Amino acid sequence: MVRKWAFFHRHEVPCRFSRLRIDWVFAALFVVLSCATLAGLDWPLQNPKPSAHFGTAASGGFTTAIGLDAQGSLVRSADDGELSFVHDGRDFHINSLPSTIGTWVAVEHARGMIGLYSQLAPDSAAYYLKKLKKGSILGSTGASGWRKGEGLDFALYDRTAGRWVNPLLLMPSIEDKTAPVIRSAYLLRGGKAWALGETKSLPQGQYTIIVDAVDPVASGSGAAAPYYIRLIVDGVKAAELSLDTAEVKQGSLRLSSTGPRGFPELYAGDGKIILASKLFPRGRSVIQILVRDFAGNERQASWAINLE
Amino acid sequence: MEENGKRQLAIALVALSGVIYFFVCAIPLSRELILEPAWAVSIPTGAATLGLDRPTAGHGSRLSFRLKGSFGYFDEAGASIFAAPVSFGCAISDEAYVSYDRLPEYLSLRNAQGQETARISEPGYPFWGGGRLFVMHPGQVSVAEIGSDGKRLWTHDFPSVITAFDACPSMALFGLLDGSLVGLDSKGDEVLGFSPGGSRIPGIYGCAISPDGLLAAAISGLDSQRLVVLEKRSSAYRVTYHRYLDSNFRRAVDMSFTEDGRFLLYEQEGRFFVYDPSKRREAVVDSAFLGDLGLFSSAREILVAIESGEGGRDILCASPVGKRLFTLPFNAEDSSIALSSDAIFLGLTSQGGASNMLRLDFKEE
Chain A
-17 MVRKWAFFHR HEVPCRFSRL RIDWVFAALF VVLSCATLAG LDWPLQNPKP SAHFGTAASG
43 GFTTAIGLDA QGSLVRSADD GELSFVHDGR DFHINSLPST IGTWVAVEHA RGMIGLYSQL
103 APDSAAYYLK KLKKGSILGS TGASGWRKGE GLDFALYDRT AGRWVNPLLL MPSIEDKTAP
163 VIRSAYLLRG GKAWALGETK SLPQGQYTII VDAVDPVASG SGAAAPYYIR LIVDGVKAAE
223 LSLDTAEVKQ GSLRLSSTGP RGFPELYAGD GKIILASKLF PRGRSVIQIL VRDFAGNERQ
283 ASWAINLE
Chain B
6 MEENGKRQLA IALVALSGVI YFFVCAIPLS RELILEPAWA VSIPTGAATL GLDRPTAGHG
66 SRLSFRLKGS FGYFDEAGAS IFAAPVSFGC AISDEAYVSY DRLPEYLSLR NAQGQETARI
126 SEPGYPFWGG GRLFVMHPGQ VSVAEIGSDG KRLWTHDFPS VITAFDACPS MALFGLLDGS
186 LVGLDSKGDE VLGFSPGGSR IPGIYGCAIS PDGLLAAAIS GLDSQRLVVL EKRSSAYRVT
246 YHRYLDSNFR RAVDMSFTED GRFLLYEQEG RFFVYDPSKR REAVVDSAFL GDLGLFSSAR
306 EILVAIESGE GGRDILCASP VGKRLFTLPF NAEDSSIALS SDAIFLGLTS QGGASNMLRL
366 DFKEE
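Chains as they are written, first to last, in this note's numbering: chain A, -17 to 290; chain B, 6 to 370.
These aren't lab readings, by the way, just hints derived from the structure by calculation.
Certain hints may be false.
List time: in silico DSSO-like cross-link candidates among lysine-lysine, alpha-carbon distance up to 27 Å [stated by the list, open to error]: (1) A:Lys112 with A:Lys219; (2) A:Lys182 with A:Lys159; (3) A:Lys182 with A:Lys260; (4) A:Lys231 with B:Lys156; (5) B:Lys192 with A:Lys130; (6) A:Lys116 with B:Lys156; (7) A:Lys130 with A:Lys159; (8) A:Lys231 with B:Lys73; (9) A:Lys130 with B:Lys73; (10) A:Lys174 with A:Lys260.
A quick note: this is a predicted structure, and the numbers were derived from the prediction, not measured.
When you get a sec, could you build the whole thing from the sequences and use the hints?
In structure tokens form, the structure reads like this:
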């Protein structure tokens, strides 16, 4: 397998797709505006240890929250706000509606941003609070719903835009010096897969490019999808993905910052990421994949392949 | 002398009128309705205890119960009872149930005899509505309907967290944290989309759909909280009744249509309201209501609910015009209630942990 650990971002390839460029402008604008309006958010836990990232594949769908591992820790309001909904996860009597997010609390923060603090310990939710200050105690961490291990799932929903926002965009940065890992990448056609690096030549044609890349998260208890992925084929940007926001279109949740993509279009089995479907003509092709975590740690790999 | 005679005649006429009125116009007192215990059986405890060694056919209809620590089935005659402990959660209807752990590998759909009829590979927690089985996916923003073979019929992602639900055979109604109300038909297609406004903070805190699917209702928003009733006219749902409420619940609110669809019941602080859609009129029942709203005997025109009483809990029987008829106190830590045309079935768990099922017959004296 041929891998080049180069600082590829220093040698940007000119973008030939204005669509992608516009998306980047919008994404940057969104981040700047969001940060300007909610710059004061704090982590709801002390010493937060992420165990799952926004947009990562889990149980047949995306996670819209960031998972933070902790045992018996106090959960605090990330900002001033007003408590708008409390749900005791064991409260099944009302029309038998279960809660897969266990015990949870919703807080209306500034500018229509709803903070969702879920998987709290049963009976720990502070239902008696109404007006909240930053740091007000909302409950304690637990595992009251569909969650492996104790902790807190924290999500931000932008009511005005009608979409979920990656909390990492708005929270103080966490020290992270570990770059994401590219485990493998392969080309897929007709149900058959060819691992890049192991395969030197293939028949020309249309292939789907899939990468198995993970970001080893701070807690070390799991792995999450890298925040940003870029695919370059023969020097041309072929796909780009950043896990910024997600929204529902026609009854299907889609990641929306770099072109809406639904779960089946983005994730193959075992959480592997579908990057693009591309026609490979006869000749030599170079496939480069760059992954980056939210702290800016990058990793890149490239493979050469002959198409016959 | 003549004047004196006239006065006597007038007095006699008034007295005669009174006597006639007493005998002709008097309405006999209605017979008093009481609850008479018919039978009581203890609910077996322990792991998947089975008391149902005889088929229920011939003993009366089968009904389900759900208590904090156990769930199961009994027949109206009290001849048999099946009970199993709740491990984490249980979704139960009168026909089938799914008992599950916090992180189940798969869900096992079982009939009322406890036999597995299908396996559901959909991740999440199951729940019933309108005789249909659904699974809430992890994240609380996505739902799938499951067929009797355990296969997914459809799936739907919602824009924000699901806070309220009700269903009938033709529609599943979902309330969301962002304040929208979404109705899906039996194929999972959206047939109702509505966002009640008028409150400082939008949100759906409770919702209900009538058994025929023609009426939908929701309690929405904070500051001020609002009741909205929608009616299906031609193909679209339109608001036919709304009012601002005194409440500002920041939790799920209990509301339900009665089984015959004649009344909408919804909880408020220390009371519950009865809305009659045909007259667009509301009545109020003062009650420290605890749960099981929506039970209504149309044969007897009686609403039944559980409320907290002085010494524990009460069964409350009230009329739909808001009159408290009578209460029956009982001592229990947890209770469930079911209703047939001529009886109330009360499941209760005492503080010691023992559970019993009682049948209380309506009698007139």
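Hint-by-hint comparison with the structure:
1. A:Lys112 with A:Lys219: Status violated; Cα separation ~49 Å.
2. A:Lys182 with A:Lys159: 34 Å, violated
3. A:Lys182 with A:Lys260: Holds: lysine 182 of chain A and lysine 260 of chain A sit about 18 Å apart, inside 27 Å.
4. A:Lys231 with B:Lys156: Distance ~24 Å between lysine 231 of chain A and lysine 156 of chain B Cα, so the pair holds.
5. B:Lys192 with A:Lys130: 33 Å, violated
6. A:Lys116 with B:Lys156: Violated - the C-alpha atoms of lysine 156 of chain B and lysine 116 of chain A are around 45 Å apart, more than 27 Å.
7. A:Lys130 with A:Lys159: 25 Å, holds
8. A:Lys231 with B:Lys73: 39 Å, violated
9. A:Lys130 with B:Lys73: The given pair, whose Cα atoms are some 24 Å apart, holds under the 27 Å limit.
10. A:Lys174 with A:Lys260: 15 Å, holds
When each numbered hint is compared with the structure, violations occur for hints 1, 2, 5, 6, 8.
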